[in-house]
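Visitor: Chains as they are written, first to last, in this note's numbering: chain L, 1 to 287; chain Z, 1 to 287.
Since the hints were derived computationally from the structure, they do not count as laboratory data. Using N, Cα and C, we set each Cβ at its ideal position, and we do this for glycine too. Certain hints may be false.
[As the list claims (entries may be wrong)] No farther apart than 30 Å at their CA atoms in a straight line, the calculated lysine-lysine pairs in the DSBU-like style are these:
hint, chain 1, residue 1, chain 2, residue 2
1, Z, K32, Z, K166
2, L, K286, Z, K89
3, Z, K89, Z, K32
4, Z, K166, Z, K89
5, L, K286, L, K176
6, L, K176, Z, K166
7, Z, K32, L, K286
[Claimed, not checked] Heads up, incomplete: computed chain L residues facing chain Z, CB under 10 Å, no partners named:
hint, residue
8, V25
9, G29
10, P78
11, L97
12, V101
13, N113
14, V225
15, L266
16, M275
[What the hints assert, rightly or not] Where chain L lies over chain Z, by a calculated footprint (3+ residues, C-beta under 8 Å):
hint, segment
17, 83-97
18, 218-225
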Amino acid sequence: MDFLFSYIALAEIYVLLSLSTNLLVGIAGIFSVSQAAVFGVGAYIVAWFLMNNVLGFVPAFLIAAAGCVVLNILLTLPALRVSGDYFVVTSFGIQLLATAVFTNWTTGTGGANGLPGIPPPDLFGKALESTGQIVTLCSAAMVLSCVAFWLVMRAPFGRMLRAIREDELAVAAAGKNVLRAKVSAAALAGAFAGIAGGLYATFLSFVDPTSFDLDASILMLTMVVVGGARTLTGSIIGPFLLLALPQILTLIEIPTTIAAAARQLLYGVLLIAFMLFRPQGLAGEKL
Amino acid sequence: MLAVQLLVNGFVTGCALGVVAISFSLIYATTKIFHVAHAGIYTLAGYLAWTFVSHGVPDIAALLLAIALGALGGAAIQQFLYAPLERRKATHLVVLIASLGLLAVMQNIIAAVYSANILQFPVPWGSRMVAAGSIRLTWTQLLTAVLSLAAYAGTMWFAHRTILGKRIRAVASNPFLAEITRLQPQAVYIYVLAIASAIVCLPGVLVPLDLGLQPYGGITPLLTATIAMIAGGVGSISGAFALSVLIAELQNLSLLVIPGEWSIGITFFIFVIFMLFRPTGLFTKAR
Numbered sequence: 001m002d003f004l005f006s007y008i009a010l011a012e013i014y015v016l017l018s019l020s021t022n023l024l025v026g027i028a029g030i031f032s033v034s035q036a037a038v039f040g041v042g043a044y045i046v047a048w049f050l051m052n053n054v055l056g057f058v059p060a061f062l063i064a065a066a067g068c069v070v071l072n073i074l075l076t077l078p079a080l081r082v083s084g085d086y087f088v089v090t091s092f093g094i095q096l097l098a099t100a101v102f103t104n105w106t107t108g109t110g111g112a113n114g115l116p117g118i119p120p121p122d123l124f125g126k127a128l129e130s131t132g133q134i135v136t137l138c139s140a141a142m143v144l145s146c147v148a149f150w151l152v153m154r155a156p157f158g159r160m161l162r163a164i165r166e167d168e169l170a171v172a173a174a175g176k177n178v179l180r181a182k183v184s185a186a187a188l189a190g191a192f193a194g195i196a197g198g199l200y201a202t203f204l205s206f207v208d209p210t211s212f213d214l215d216a217s218i219l220m221l222t223m224v225v226v227g228g229a230r231t232l233t234g235s236i237i238g239p240f241l242l243l244a245l246p247q248i249l250t251l252i253e254i255p256t257t258i259a260a261a262a263r264q265l266l267y268g269v270l271l272i273a274f275m276l277f278r279p280q281g282l283a284g285e286k287l
Numbered sequence: 001m002l003a004v005q006l007l008v009n010g011f012v013t014g015c016a017l018g019v020v021a022i023s024f025s026l027i028y029a030t031t032k033i034f035h036v037a038h039a040g041i042y043t044l045a046g047y048l049a050w051t052f053v054s055h056g057v058p059d060i061a062a063l064l065l066a067i068a069l070g071a072l073g074g075a076a077i078q079q080f081l082y083a084p085l086e087r088r089k090a091t092h093l094v095v096l097i098a099s100l101g102l103l104a105v106m107q108n109i110i111a112a113v114y115s116a117n118i119l120q121f122p123v124p125w126g127s128r129m130v131a132a133g134s135i136r137l138t139w140t141q142l143l144t145a146v147l148s149l150a151a152y153a154g155t156m157w158f159a160h161r162t163i164l165g166k167r168i169r170a171v172a173s174n175p176f177l178a179e180i181t182r183l184q185p186q187a188v189y190i191y192v193l194a195i196a197s198a199i200v201c202l203p204g205v206l207v208p209l210d211l212g213l214q215p216y217g218g219i220t221p222l223l224t225a226t227i228a229m230i231a232g233g234v235g236s237i238s239g240a241f242a243l244s245v246l247i248a249e250l251q252n253l254s255l256l257v258i259p260g261e262w263s264i265g266i267t268f269f270i271f272v273i274f275m276l277f278r279p280t281g282l283f284t285k286a287r
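Just need the whole structure built from these sequences, with the hints factored in.
Guide: Here it is, written out as C-alpha cells:
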C-alpha cells in the first residue's frame, strides 16, 4: 500500500512539473530544458529552511514558490530578448550551471551527498508523517494547481497565450502586450515548479543533485510530449504513465547496473517516436 | 610560469573545441536544425575508437574507422530522422525535441553497453610528455592541436574551393533558390550531416585520449562550442574556431582564481555578455 501511495504522491508532484513545462514549452512555445533547475531550487530552499528550523513548512513553502517565480522570470527573460535557438543554448547552460551549483556548493546544498533527514511537512502545528497524509497534501496541491491551470487557460489570458504561439506578430499588432503575457506564463510555470520542489523535498526527506539534472528536465519534457502538449489532460496522463513505465521495466530481467540508463533510453525512444508519429501526444494538441 | 602552461593548455583545448564548433556550425548554418544529437556522435566516436583499440586495431586505423562510422551515423540521422520530420512539416520545436531524444538514446545505449564509469584509452604513448623549456605537453595534446588546426584548414578549403562546398554554402544562404536551381537541398543536407559528423569524430576521439571517456560527457563541449559559434557569428567558420580558442583560454586562465568545477559558469558568463552587447556575433558580415 505504501508503495502505491508513494507512486501516487510522486506522480502528483510530477503533474505539477508537467504543468510548469507545458506552460513554457507547449503553450508559450519557449523551449526549456531547465525546469529541473527551478524545481531543484524550490526543493533546496524548503529543505534548508526546515532543516535549520528557521521557518515552518507553510512559510518555507511560500518562500520557495515566490523564489521560483522570480527565478523562472529571470531565466525566461533571455528567451524574450534573443530568438529561438539562442535560448536553447541559454536553457542548456542554465541547467548545467544549476547542476554545478547543486553539486559543488557544499555548504548550502550538501554537494553530491545531498541533504538527508529533511523533517516531514507540518500543517498548522501538526506534522504529516504517514505516507497517506502526504498523499493527501500532494493531491490537494495537484488539484488546486490543475484548477488554476484550467482557469487560466480558459480565461482571455489563456487564449492570448495560444494566439501568441500561433502568430506572435498578429497578437502584437492587435495591441496586446506580448512580453507581459510571456512573463506571466513564466511566473506561473515557476510557481508550479517551486511548489513541486517543496513537496518533493519533504516527501522524500532527502534531496541530491541527481534529482534535478538534465535527465530530470528531459523526463519532464517527455511527460509533456507523451501526455500531450497544451492540454490539462495531457499533463496529468504523462506523469502517471511515465512513472509507471520503470515498474514495467523491472519485470523484464535487466541488470541493476544499467537500469537507470535503460530508463533514460526508453524516454529518449519515446521522445523520438512521438515526434515522428504523434507530435500531439496521447491527449494533446498539435505541437 | 603556470599562466603560460595554462595558456598552452587552453590553446589545445580550444583547438579541439573549435573543431566541434565548426562542425556544428556547418550543420546549423545549412539545415537550420539545432542538432543537439551532435554531442551523441562526439561521444560515440570516442567509444568506437576505444573498442577498436582494445581489440588490437592499430591506433590510426581505429581513428579512421571511428570517423567513417561517424559519417555514416550522421547521414543516417538526416535520412531517417530529420528528413521524415521535414516531410511532415514538423515545427522547429518538434525537430529539437526529437534531436534531444536521439541524444538521450545514444548516451544511454553507450552507458548501458560500456557502463557509466570513466574509461581510459589503453594507449601508452598518449600520456608521454614533450617538454619545451618549462612548458610540458603530452603527445596527445600535441596531436590534438596539430590535427585540429589541419581540420580547420581542411574545412575552410572544402567550403570555399570545392564544388560540394560551394553547393553547401549556396543551400545555406538560400534553400529556396537552391531548390529551384536543382542543387537538391535534401541531398546536400545528407552530405552536410555526414561531413560534419566525420569532422566532430576527430575531437571526439582525441579529447578522451587525455581525459578519458564518459557517456554523458558530450553536452558540455557541445554547449561551449555552440556558444563559440554564436559569439563568433553563425555561418562564420573562422569566427567559430577563433572564439572557441578564446573561450578555452579564458576558462583555463580562470583556473588561476576559480576552481575548475565552475568553468561552465565562466563559459555561460561569456555567453550572457555576448547576448547583451553583441547578439549577432563578432564576425558577421553586414547584411
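Visitor: Under 10 Å is the threshold here; is the Cβ of V225 (chain L) close enough to any Cβ of chain Z for the hint to stand?
Guide: Given a least distance of 6 Å, the restraint on V225 (chain L) holds.
Visitor: Can the restraint linking K286 (chain L) and K89 (chain Z) be considered satisfied, given a maximum Cα separation of 30 Å?
Guide: The given pair, whose Cα atoms are some 12 Å apart, holds under the 30 Å limit.
Visitor: Please verify that hint: V25 (chain L), Cβ, nearest Cβ of chain Z, below 10 Å or not.
Guide: 7 Å, holds
Visitor: K32 (chain Z) and K166 (chain Z): Cα distance at most 30 Å?
Guide: 17 Å, holds
Visitor: Holds or violated: are the alpha carbons of K32 (chain Z) and K286 (chain L) at most 30 Å from each other?
Guide: 21 Å, holds
Visitor: According to a criterion of three or more residues whose C-beta lies within less than 8 Å of a C-beta of chain L, is the segment 83-97 of chain Z covered?
Guide: It holds: at least three residues are needed, and the segment 83-97 of chain Z offers 11 whose Cβ sits within less than 8 Å of chain L.
Visitor: Quick check on V101 (chain L) please, does its C-beta sit within 10 Å of some C-beta on chain Z?
Guide: 8 Å, holds
Visitor: Given the hint that K176 (chain L) pairs with K166 (chain Z), does the C-alpha gap stay at or below 30 Å?
Guide: 45 Å, violated
Visitor: Against chain Z, with CB atoms and a cut of 10 Å, does the hint on L266 (chain L) hold up?
Guide: 9 Å, holds
Visitor: Is the Cα-Cα distance between K166 (chain Z) and K89 (chain Z) 30 Å or less?
Guide: 27 Å, holds
Visitor: Against chain Z, with CB atoms and a cut of 10 Å, does the hint on M275 (chain L) hold up?
Guide: 4 Å, holds
Visitor: Hint L97 (chain L) vs chain Z: min CB-CB distance below 10 Å?
Guide: 6 Å, holds
In this structure, the earlier hints numbered 6, 13 are contradicted, and the remaining ones agree with it.
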